[in-house]
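Participant: As given, the protein sequences belong to chains P and D, one line each in that order. Taking this note's numbering, the leading residue of the first sequence gets 122, the next gets one more, and so forth. Taking this note's numbering, the leading residue of the second sequence gets 122, the next gets one more, and so forth.
Quick caveat, the hints were computed from the structure, so don't treat them as lab data. Keep in mind that this is a model prediction, so the values were computed, not measured. A hint or two may mislead.
[Stated by the list, open to error] Per the computed footprint, the stretches of chain P lying under chain D, defined by three or more beta-carbons under 8 Å from a beta-carbon of chain D, are:
no., segment
1, 123-136
2, 155-163
3, 189-198
4, 205-214
5, 267-280
[Unchecked claim] Below, computed lysine-lysine pairings styled on DSSO-like, alpha-carbon distance capped at 27 Å:
no., chain 1, residue 1, chain 2, residue 2
6, D, Lys238, P, Lys286
7, P, Lys238, D, Lys238
8, D, Lys226, P, Lys226
9, D, Lys226, P, Lys286
C-beta: ideal position from N, C-alpha, C; glycine also.
2 protein chains.
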Amino acid sequence: MPDDLLIRPATPNDVPTILALIRELAEYEKLPDQVEATEALLHDALFGDRPSAEALMAMYGPNGGEGEESKVAGYALFFHNFSTWVGRKGLYLEDIYVRPQFRGKGIGRALLSALAKIARERNCGRMEWSVLDWNESAIGFYRSLGAELMEGWTICRLGENDFRKL
Amino acid sequence: MPDDLLIRPATPNDVPTILALIRELAEYEKLPDQVEATEALLHDALFGDRPSAEALMAMYGPNGGEGEESKVAGYALFFHNFSTWVGRKGLYLEDIYVRPQFRGKGIGRALLSALAKIARERNCGRMEWSVLDWNESAIGFYRSLGAELMEGWTICRLGENDFRKL
Chain P
122 MPDDLLIRPA TPNDVPTILA LIRELAEYEK LPDQVEATEA LLHDALFGDR PSAEALMAMY
182 GPNGGEGEES KVAGYALFFH NFSTWVGRKG LYLEDIYVRP QFRGKGIGRA LLSALAKIAR
242 ERNCGRMEWS VLDWNESAIG FYRSLGAELM EGWTICRLGE NDFRKL
Chain D
122 MPDDLLIRPA TPNDVPTILA LIRELAEYEK LPDQVEATEA LLHDALFGDR PSAEALMAMY
182 GPNGGEGEES KVAGYALFFH NFSTWVGRKG LYLEDIYVRP QFRGKGIGRA LLSALAKIAR
242 ERNCGRMEWS VLDWNESAIG FYRSLGAELM EGWTICRLGE NDFRKL
């Protein structure tokens, strides 16, 4: 892990920053209009009575990222899924993002490594996430870590209006 | 919903049947060697202290599927995921399966309809599941319900041995 980096769990104070990062990631993915999340929804999801996701923050700066001048370099947001084949829960990484000015410092790898540690501690059978097919640099990076691309499967999605009809 | 059909939540007594159905589904998907789940793991996942998934059973037979002679026609197994874009949890359908001798009776649709009801009651923003690209009949059925196929995204998977290395 880089010397100037701290990976720590998100706190309620991070919610506005996480929402800003979600928007930056959606811009990067060329899908900025998709973001309907608000601070209140995100706060509830991460820190409400029954959280449905968790987040890690990557802080970069002096004193191993712990100084007041440290900057938010990126984040990861995840939840637990379940595989009937494995018979155990897994860790599903919904978002991982490193801001452009902090790339090339090993921060993405450090975030994935912190997630792998959580997956191991919680006895998960797998880690999974989705990648856009045009994002060749990300695909190459994930393959270099040993990830397998699950070609041959496609996600089906039913929006709220359609499942109300069903 | 067909007259002879009952959709009900699974109980601990269903665990051996669910495991048998998971194996039948894996056979149908031409991936029978993938099933590592055991009754103990499944019991823990569905009915342990901190459940990671839930299941519905489709029972078919006299008296609206409630009679003792009713047979298990299929099942659905799901958990909650989370979308940062929507800012709300969703319902992820890990498995849906109708045994061959019970097909063509509207049981798959009844299971999906029961899941949509749960998604609505729990204020989910989406329902999602995966389909094998060769399964044209399933894809046609899902599209007829209004489902969108998320082409352009691929799942990356890191197995336990690889994340231990990270």
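Participant: Which of the numbered hints are not met once you compare them with the structure shown?
Facilitator: Of the numbered hints given earlier, those the structure breaks are 1, 3, 7 and 8, listed in rising order.
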